[in-house]
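Enquirer: Listed below, chain by chain, are the residues.
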Amino acid sequence: MTTRMTNRFARLADENRPAFVTYFMGGDPDFETSLAIMKGLPGAGADIIELGMPFSDPMADGPTIQAGGLRALGGGQTLARTFDMVRAFREDDDETPIVVMGYYNPIYQYGATRFLDEAKSVGIDGMIIVDLPPEMDEELCIPAVERGLNFIRLATPTTDEKRLPKVLTNTSGFVYYVSINGITGTAAPDPKLVEESVRHIKGKTDLPICVGFGVRNAEQAAAIGRAADGVVVGTAIVQAVADSLNDGAATASTVTNTLALVHDIAEGVRSARQ
Amino acid sequence: MNVQDLNSFRMGPDEQGLFGIYGGRFVAETLMPNILELGGAYASAKKDPAFQDELAFLNKHYTGRPSPLYFAERLSEHLGGAKIYFKRDELNHTGSHKINNCLGQILLAKKMGKTRIIAETGAGQHGVAAATVAARFGYPCVVYMGAKDVGRQSPNVFRMKLLGAEIVSVTAGAGTLKDAMNEALRDWVANVEDTYYLIGTAAGPHPYPELVRDFQSVIGKEAREQIVEAEGRLPDMIVAAVGGGSNAIGLFHPFLDDKDVQIVGVEAGGKGLEGDEHCASLTAGRPGVLHGNRTYLLQDAEGQIEEGASISAGLDYPGIGPEHSWLRDTGRVDYVPIMDDEALEAFQLLCRLEGIIPALEPSHALAEVIKRAPGMDKDQIIIMNLCGRGDKDVFTVGEALGVEM
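Quick note, the sequences are listed as chains W and R, same order.
Start counting the first sequence at 1; every next residue gets the next number (my numbering).
Start counting the second sequence at 1; every next residue gets the next number (my numbering).
For the record, the hints were derived by calculation from the structure and aren't laboratory data.
Computed from a predicted model, the values in this text were never measured in an experiment.
Even for Gly, the Cβ is constructed at its ideal location relative to N, Cα and C.
A few of these clues could be false.
Unchecked claim - Restraint ranges, calculated between C-beta atoms of paired labels, are given here: (1) Asp92(W) with Ala400(R): 57 to 65 Å; (2) Asn257(W) with Ala284(R): 41 to 49 Å; (3) Glu37(R) with Asn217(W): 33 to 41 Å; (4) Ile21(R) with Leu245(W): 57 to 65 Å; (5) Arg11(W) with Glu277(R): 54 to 62 Å; (6) Pro374(R) with Leu245(W): 53 to 61 Å; (7) Asn257(W) with Glu277(R): 53 to 61 Å; (8) Asp300(R) with Ile142(W): 26 to 34 Å; (9) Asp206(W) with Ser44(R): 34 to 42 Å.
Claimed, not checked - Derived lysine-lysine pairs resembling DSS-like cross-links, with alpha carbons at most 30 Å apart: (10) Lys271(R) with Lys60(R); (11) Lys111(R) with Lys166(W); (12) Lys259(R) with Lys378(R); (13) Lys162(W) with Lys202(W); (14) Lys221(R) with Lys271(R); (15) Lys259(R) with Lys221(R); (16) Lys111(R) with Lys221(R); (17) Lys202(W) with Lys166(W); (18) Lys166(W) with Lys46(R); (19) Lys204(W) with Lys162(W); (20) Lys166(W) with Lys110(R); (21) Lys259(R) with Lys371(R); (22) Lys162(W) with Lys111(R); (23) Lys111(R) with Lys161(R); (24) Lys162(W) with Lys371(R); (25) Lys202(W) with Lys120(W); (26) Lys202(W) with Lys192(W); (27) Lys46(R) with Lys111(R); (28) Lys110(R) with Lys47(R); (29) Lys47(R) with Lys162(W); (30) Lys162(W) with Lys192(W); (31) Lys166(W) with Lys47(R); (32) Lys60(R) with Lys162(W); (33) Lys161(R) with Lys47(R).
This is chain R alone, in the form it adopts within the complex (with noise of 0.2 Å):
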């Protein structure tokens, strides 16, 4: 698909699941019926006004939904251009935007009568949302989750615990969310008659990627609007971290037809992209096709698939949601790294001038953010999604700040 013949950017995917030819539906045939199911299941919700009406009030009163759009004006001063704006959602209810995908995705798992909650988590912030509505709607949740992230996410570790998840540490490759993902599927291809699979981010097998996205969209919704209310018109630039790309594809996909808002996508560029210690699977990647779906990933030149790394446990994937593999082919959306070094700065700087700690996967965008900002005019705007809080991050940057608790 060329731009040029686009009416929209917003129409996908077709129904094989594809965005031109990113996404699809590359499961094992034990898993077919289920993905079917919940294809089925998906179509009839986003028809129903009840289950439309249940989502918007638990958005509402459990999440705290609106999050505010923050006018963040000492960063502004301090980078002397474009006005900067956060979308706080790490003012949610759990600390991130993961909840907002979980509260969607726990109410089909309803719908579709299954009993038993799986997820994978990287950071553990998607394990924490997805154990908080399995204990909110009476299920029980395993959560998979790397051995290596259970490591460095350990604050994560005891609230999922405190929340009644189980948590399975996985130790096959190094350890991280590619792994967990794996256990994961490997769990439901084994329970698939009772058990839903709470997928964290907008990829996997059709209808994943969309209905993430759908969930997530709540974001740039609301964003659209209240940046309209508070400046009475549109960003210049709207600025998002990607791992997988559930934050990022939220806040994007309601301002995709806007030709004029200009917009940013920022990769984990780890120690560099020269070497492999990296996760810029759009810059330093090519296609190919893992965990159900075609997108960008990391691999060696036989299709073997390498290991991300990142400072942000958040952002340690290989792959990408394929949408925005196709978003990237056709250049409505640019993608830039950002190394680990220049992410802790930012980070550091946010805590300073804003009073905010974030997470270190919007730490990334943050980065992205002050070095765009300077060049801008003053009455210029730029929308970044804040899309979690650094609590959980304080012991990793502790460590590689060299200081010790």
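Okay, chain W solo, but in the shape it has when bound (with noise of 0.2 Å):
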């Protein structure tokens, strides 16, 4: 089956260069701001689109990306305004892939076929689920998968030999592959070590492996872009959005600051390569 992300990852294939995946936290600081935010994301340079729900308490989340969360609760957002979000960016682009990253408690209390369901037909493509591991597959993945939804796992140093046949099963659209222990946004990965583990996943499955987690700018990018499938920037991004804000409001520099710093880092992935 073809989906948006198959033929994502066929076309990054054929031009041989990695995915670029963006995160960005919904919301942040505020709908209209963050839906701008998001609309520019491709032409700025993002292949993948990681759209960031926020959640009260987000354990495996640095202080950046729960700062981002909190300011966006405080902004009004609600999984009822994520899912707006994803209806108006989908006017303009039906191509570029959209992956929504959060935690389950929201989810469990909007209902978990209704999520699904209206994740589908808003035209969302996948999920991760922050505290959902294999050992919950009932909850959320299984149904995601019945309906055509990429539920997408963490791989991280932790996974041994032993775990990963787990993690890899009922996981689909690409491995994110976690590039240190620890939370989001902390300690810088060693391209070395980032390389070794994904050439070892790769061993186990034909998915992408997009590899994420203390990647910061172009350079990191581009060093872990030559060995994974895809890159993926978080922390960097939402810390933009968070240096253009004055007293917690956007500004006029908000959007075009932070699409700057996209571009900036697409450059770098763009060049793994050459």
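Assembling the complex is the task here: the two chains are given apart, and the hints tell you how they should meet.
Expert: Below you can see the structure in the form of structure tokens.
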């Protein structure tokens, strides 16, 4: 079955370049600004969009993304507004894959099947739900896969030989390799170790491997992009939003500064295999 | 699961760590190998006589177990109804029931070859107990504590420092137990290879709710034997305060299949359930997923977690152990709220009538006993878990009563 996701990775393979996966927090600092950023991402070089869904207690995120989530919640972001954002984005772009990323409780409260049906209908392609490991697949993963939505799993440096097959079961779209043990936006990954890990995982799956957590600039992105099928950048983008704000509110430079950073890192990703 | 389908209330959790729909393992993948390793280590420790002997030895000679079961004669007379017994876990080394769990878990950490201990704490009782066992076994220890709790529990902060622990004051959120637990989980994700996370209550991802319960069940096992020795029969009612729920599940679990024993858990009603200043997740919350388990939570319509509020820092948590959620739904245990002012009155009454200064947490349980005992017959028996002493709370109580110190 071809999907936006498989089409995108096929095109990237033809062009022999890794995917640039951009994470931003939906609704940060307000709906309109955040939607403008989202709409500008493909033009700035993003190949796949990860749309963050804010949660009050993001236990795997560092201070930058925590703060972005709190700003979004303060700005009135909800799951319904996340769907509105995707709907508005899809008016102009029906090709860029969208993966929503967040924690399970807001989805559980919304109703898992209601969430999945609506996600499918607005044009979401997949999801990364941080606190749903394979042991909890009955909750959301299996019904998501049944609806043709990608359930993208995180593999980490602690995912050993025994664990890896479990992590790869029921997963689709791509594998998100977390390059460090830790929360988002902390230590920088060692490109050599990442390369070894990516090669190892590639031996076990045909899915593309995207690498993230700790990639913050064009140079790092280029180094990671040599071995990986995709590079994920999140904290640096959320930080760019934060740096542009005035007293927590968007300014004239919020969208332009954020997209300028995305453009800059995209150049790094595109240079990875040249 | 329906109550009538159950042969026993003491069989859970299942292999997935579930009590009915509650519990489970809702954690980031980075932590899964550790959680599975811990599950394996605990399963083998349960069957290992050397492990159990070492724990029993420490309970006896280090903690001072068994704790007495004390007949509160003057309080019983004053209330004019049931005979009230206290299970006196406030006499334990470190001043609360928390040491029971910490000794069990530090032995697990040793068995697993971990070299660093982290813990979260609310009132500081668990932090003190964790720092204590870390000192006793020679481990470095980092305790995460909400900034608000650091302020209102300063005696315990200093005790932890004396014991060699490093205290990290957490300013995120409202700066209470929930936020401290988030930070501890972040530390664990980043230091998963060498670090043991010593959780203080019967919550979190499987197997924590099970193993914390098992280590705390020494309370109920002793109480069962002691009451039979004192009265020749089981009690009519047992009562305990519930925050995360570790002292309560420790008392309750050995009695769950004694169907003539009524069981009451007491939540912190704070300033009242109609507002948002309380911690009564079982009475006023609904099921959700936080900190690795599905359980009753205080949350808004969108599933964002709300802050609890209570005069007692130890009950100030928006969730509750998953086994309590299941016991609530099955109807085996009654959960009721007690307000701040009722707990304060109970606190003072016990000081004057029995010469015992209780912690604010069991003062909530006591307030419920004060309501129920007068309506019971004089030959009926209540056991209440007096799970902590109140030295740490005298400043909070003084402030609430408008006393200058």
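Enquirer: Of the numbered hints stated previously, which ones are contradicted by the structure, given in increasing order?
Expert: 4, 7, 10, 14, 24, 32, 33
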